[in-house]
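Chemist: So the chains spell out like this:
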Amino acid sequence: MEGKPLLKVERLTKHFGGVVAVHDVSFELRAGEFVGIIGPNGSGKTTLVNLITGFVKPDSGDVFYRGKEITGKMPYTIAGHGIARTFQMVRLFHSLPAFKNVVIPLCSPRVKKLRGGKYGERDDVAIDLLHDMGFERDSFVPYKMAGSLPHGYLKRLDLVRAIALRPDLLILDELFSGMAMSEVASTLSMIEKFSESGLTVLMVEHRLKELFRVANRVIVLNFGQKIAEGFPKEVMEGEAVKNAYLGTAEEG
Amino acid sequence: MAEEKITYRRERIDRGIKARADTIFVISSYRDILYLLLPRVLPVVALLVLPLILPYYWSKVFTHTCMIALLALSWDLLASIGLVSFGQAALFGAGAYISGALNHYFHLPYGLAILIGIFGGATLGSLLLSPVVRLKGVYFAIFTLILSLLSPRIIESTDILGGSHGLAPIALFGSDLVATYVAVGAVLVCLFGFRRLIDEDYGAVMRAIRDDDRAVMSAGINIYWRKIQALFIASAVGSFAGAFTTHHFGFVGMTVFSLDYSILPLASAVLGGAGTFAGALTGAMILVPLSESLRAVGGLRIVCYCIILIAAVVYLPEGIFHYIARKYHQFERVVKV
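Going line by line, the protein sequences match chains U and H.
The first sequence begins at 96 in the numbering used here and counts up by one.
The second sequence begins at 755 in the numbering used here and counts up by one.
Because the hints were derived from the structure by calculation, they are not lab data.
Every residue, glycine too, gets a C-beta built ideally from N, C-alpha and C.
Keep in mind that the hints are not guaranteed to be accurate.
As the list claims (entries may be wrong) - Here are the computed lysine to any residue pairs in the SDA-like style, where the Cα-Cα straight-line distance is at most 20 Å:
| no. | chain 1 | residue 1 | chain 2 | residue 2 |
| --- | --- | --- | --- | --- |
| 1 | U | LYS152 | H | ASN976 |
| 2 | U | LYS207 | H | TYR978 |
| 3 | U | LYS208 | H | ALA1066 |
| 4 | U | LYS208 | H | ASP955 |
| 5 | U | LYS239 | H | PHE779 |
| 6 | U | LYS239 | H | ASP965 |
| 7 | U | LYS239 | H | TYR978 |
| 8 | U | LYS168 | H | ARG888 |
As the list claims (entries may be wrong) - From chain U, some residues computed to sit far from chain H (all C-beta separations above 12 Å):
| no. | residue |
| --- | --- |
| 9 | SER121 |
| 10 | PRO170 |
| 11 | ALA179 |
| 12 | HIS189 |
| 13 | ASP218 |
| 14 | ASP253 |
| 15 | ALA275 |
| 16 | LYS288 |
| 17 | ILE322 |
Let the hints inform the model, and build the full structure from the sequences given.
Modeler: Structure representation (C-alpha cells):
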C-alpha cells in the first residue's frame, strides 16, 4: 500500500520497575490494514495498547498518528484524534443502561463535531448501533443496566462503544476472551465488515485461528520485544516464533 | 398426600408504568397521572406551606434545614461524578466570608454580595480543588477535609476578615418570610435542576465517570474538565448556602467552617439515599429538625442523634428515599404457593 502510515510506533520502551514490559518495539500501520498482535501471556501486548492509547506513558520512544506525535498525550486527546479501543478486562458503566453506555462516546467533542446531534437523538443512534451488534432493539437487552448483562454481551457492548466514537483506528484488546463460540463468529464478521468499509484495525488476540482468518499482517511479541512481523502463515513458520509461542501451545 | 399444606408468600410486582427508559412513562388514566404527580407535588406544596404555619423558632430551624439540604444536594452532585467530599464546610465558608466581607467592608447590598459570593465561592472552590481532581475516593475526601480545617486556622492566625471575632454587623434580610421563601426556592431549583441535569446526557457522562473514568477517557471525553465543571456547580450551591446564612444571622465567623457543615450534609445524603438528590433533601429534612428537637435531652443529644443515625445506616443502608420509592413502585399481594 502507498502513502504515509496511519500509525507509526518508533522504538517504544516501557519498564515497570525492573520488569521490561515493552522493549524497543517499532511498527507501522497503514490506513485500511487489519493487523494482529500476538504473543504469549505477559509478552507486553496490553502494555503496548496502553502506550499507544495514552493510558501508560512510555519511558522512551514515540508514537505518531497521521504524522503527528501523540506520545504521552492524555487518553481522551488520543481518542479524540480517532483512536478507539476496547479493554481486556471489561470496563463498563454498570449503573447506566446498556444503550447509555454507547451514548457516552456520542457525547464526546469528536462525535459532536462529526455529526452534530441533539439530546434524544443520541439515544436512537446508540440503540441503532447496538441493534446491529445483536442487542435487539425490541428486546429488553439494550435497556437493561449494563451491570446485569452476561459477560459476552459486555464484551460486545465495549466494542459498540468503541465504534460509536467513529474511529479511524480501532484497537481491540483480547475482545474474544470469555466469549462463546457463536458470539465470536458473529462478532468477527462484524469486525470484518468494519474493516472492509475502511476502518483500520489493530487486534490483540489469543485466538489465532480467528485472527489469522482476518489479519493481513501479524506482529509477534515475546518478553516485550518484537520477534517477528509479516503474513500470518510466514510468521508462524519462523523458528523464533515457534519456540516462543507455539512451542508451548496445544493448538495452532 | 395425606394432607395438603397451603403456604402463602408475598409477591411483589413492579407497576408497569415505565417504558423503555426511566424517564418515559405510559399514562393511561387520571390515576396514572396522579400516581406520577403526587410524590412530586406533595413535597413541593409542603415546602411552600410550611414557612406560613411554623412558629418563629421552628421557621428559623426550617431555614437552617434548607441550607443543610443545599449542602447535601451539592454533596450528592459531587458524589454523582465520583468525588466524595468531607469538606462541604469549605464551600459553605467561602461563600459566607466573601458575601459577608463585601457587605461589611464595602457596604454592598446583600443581594449583590450574595451574588458575588456565589460566583466567587464557585471560582475559588473549583480553582482550589482542580489540582486534585485526579485523586479518587478517600484521597480527594481527605483533601477537602483539610481545606475546611485549614481555612479557619488561616483566618485565626493572620487575623484577616475579623480574625477569631468574626465580622459584624452585616446586613440582615428585610423580611424573615421572604428570606425563608428564598431558601425554599433555592432548594427546589437545585433539586429539580440537578435531577434534570443527571437525567440528561451530561449527567450520564457524570455517572459514567463515577463508574469507570478510564473508559470515559477512551470515549474521548476530558474527564478532568467535567469534574471541574461539577465542582463549580457544587461550589456555587454550597457558597449560596453560606452567603445566605451570613445575612440570615447578620454575622460571619470561623464557625462557618465547623465540622457540622461537612458532616450533616454527608449524613443527610447517606441517610436519605445518595444519587437521587431527593434522598439528600429527605435526609436533611429529617436530620436537622431531629437534631434540634433533641436539644431537650440536653447533654445526651449527640448520643441519641448518633444512635438514630447508626440504626438508620444499619437497617436501611440503601437510604430512606430509595426504600420509599421502591415500595411506592411495587404492588404487594399474597399468593398461594
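Chemist: A separate judgement is required for each hint: does it hold in the structure or not?
Modeler: Okay, the hints, checked on the actual structure:
no., hint, result
1, U:LYS152 - H:ASN976, "holds (17 Å)"
2, U:LYS207 - H:TYR978, "holds (19 Å)"
3, U:LYS208 - H:ALA1066, "violated (48 Å)"
4, U:LYS208 - H:ASP955, "holds (16 Å)"
5, U:LYS239 - H:PHE779, "holds (16 Å)"
6, U:LYS239 - H:ASP965, "holds (16 Å)"
7, U:LYS239 - H:TYR978, "violated (28 Å)"
8, U:LYS168 - H:ARG888, "holds (16 Å)"
9, SER121, "holds (24 Å)"
10, PRO170, "violated (4 Å)"
11, ALA179, "violated (7 Å)"
12, HIS189, "violated (6 Å)"
13, ASP218, "violated (7 Å)"
14, ASP253, "violated (8 Å)"
15, ALA275, "holds (23 Å)"
16, LYS288, "holds (22 Å)"
17, ILE322, "holds (28 Å)"
Of the numbered hints stated above, those contradicted by the structure are hints 3, 7, 10, 11, 12, 13 and 14, listed in ascending order.
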